[in-house]
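Asker: Sequence:
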Amino acid sequence: MNMLITFNIYLVYGLAFFAIFFAILFQDLSKSRIRIAEALPILAVFGLIHGLHEWSELYLEMYEHEYRLTTALHTFQVIKLWLSYIALGAFAWKMLDITRWHYVLWVKRFAVVVILMFFVSLFVRYGYDDYTAYLRNTANQIRWIFGLGAGVLSGVAIYSYANELETEGHGASLPFKMTGVALICYGFSAGVLLVELGLWVLFVRTLCATAILVSLWYALRIFDQERNSQIESALQQSLQYAKLKELGELTSAVAHEIKTPLSSAMMSCDLLEHHLPENELHQRQLDRIRYGLERAAEISHEVLNYAHHRPIKRDDVKLSSAIKSAVSLNQYRLESFTLTENFDDNLHVLGDAGLLEEVFTNLLANAIDACTQEQRISIASYQDKLNAIIAISDSGCGITEDVIEKATKPFFTTKPKGEGTGMGLAIAKQIVLQHSGELVLYNTEQGLTVEVRIPRKMS
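51 is the number of the first residue of the sequence shown in this note's numbering; add one for each residue after it.
Hints listed in this document are in silico derivations from the structure and should not be mistaken for laboratory results.
Glycine included, every Cβ here is placed at the ideal spot set by N, Cα and C.
Keep in mind that the hints are not guaranteed to be accurate.
[Unchecked claim] Heads up, simulated PhoX-like pairs for lysine-lysine below, C-alpha to C-alpha not over 25 Å straight-line:
hint, residue 1, residue 2
1, K374, K81
2, K374, K363
3, K479, K363
[What the hints assert, rightly or not] Restraint ranges, calculated between C-beta atoms of paired labels, are given here:
hint, residue 1, residue 2, range
4, T121, W267, 38 to 44 Å
5, T56, V264, 20 to 26 Å
6, G248, V170, 32 to 38 Å
7, I454, Y153, 45 to 51 Å
8, C447, S378, 23 to 29 Å
9, S318, D395, 52 to 58 Å
10, H152, A347, 58 to 64 Å
11, V264, D366, 34 to 40 Å
12, R150, I454, 35 to 41 Å
13, Y153, W267, 38 to 44 Å
14, Y432, Q275, 22 to 28 Å
When you get a sec, could you build the whole thing from the sequences and use the hints?
Answerer: The following block contains the structure:
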């Protein structure tokens, strides 16, 4: 009866760790922006190796009457125990890189010192004790250092990281916290409690292993949600790209057809000016014709820029550098302005630096034009969960809500006739959309604020 209970406990015990391995294995973590995705494969390896270790212990327990526990077999037991906990230690080490503890370096140094002391102990104790006692003491040290230490450290690290998940906007912090608590409990049960104390120790370890599996199973749903969100976003971008491509081909063809007669009309205007006698009325009419043609050519050029939908680069862009470049391009217009800058220098996105600089330059130019009385502009960049936010605020009088709704549409402008084509914000919005972001306009007490929201690069 006792052997039957032992068999069932070991069976569930090892099965729980195998299930942890397969639960992580069957998750597509390759495109995840959640940082713990980098460490989970190591936890899966621990589950596989530790499951094999526990089931091999079950085999030895069941057939101990058929063989004698030799020194070589005892050594093998200690080594496979060590290998399984090394994987847990590697997971804890990786989790330290993911968390944002201020004293990670000191924790790592302490861990290295402890591990070095363990190796020194292996060499110092060898030959002084009976080999059986040597192996027993080594197994106890492995459980304390690699079982208890790695289990508690990885559990605390996961618990701490769960709070960051809420800050970054992923959610699902509770299942990860429960996984951390379960790992801590397993670390204590594996490191402090010895099997010699009774069958209840195996039962406690099995409960802890099952708790890790169940909580991790719920925690891994966050990757399914993220994957669904990525698929929806990719589908929307694909539909938008197809629509813009079709629109771009049409507008590009129209713009090209318009440019040819415009160029011809400009040349004819120049020729006519040379053949007509000098007359103020004639010159005034020619200037009006030339101005109209130039405006038509400018609008045609803007339409071509808007219609030219090309794939963007996906480089690592430091946003503060792109914003500073835009400020530098508008420096001559900002000489009389009070400019407030508040940048997060650690904020990065994946995108096209040149196109993003074009967006910031355009928005900054608009902010300058809006400041007719007080000449104050503020630029800020900061992190808001998964997004990088760039906010440009002016001290103008703002705009009405109905104008805000139309502001990013092509050819809409509030500037006096002849001073703008109304394509600047439309092109800026198009570029931001290509970066999977959004352009948001809203009024504040100081004036108008334009926010560029782009998914940030995960560190």
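Asker: Sort out which numbered hints this structure fails and list those numbers smallest first.
Answerer: Those not satisfied are hints 1 and 13.
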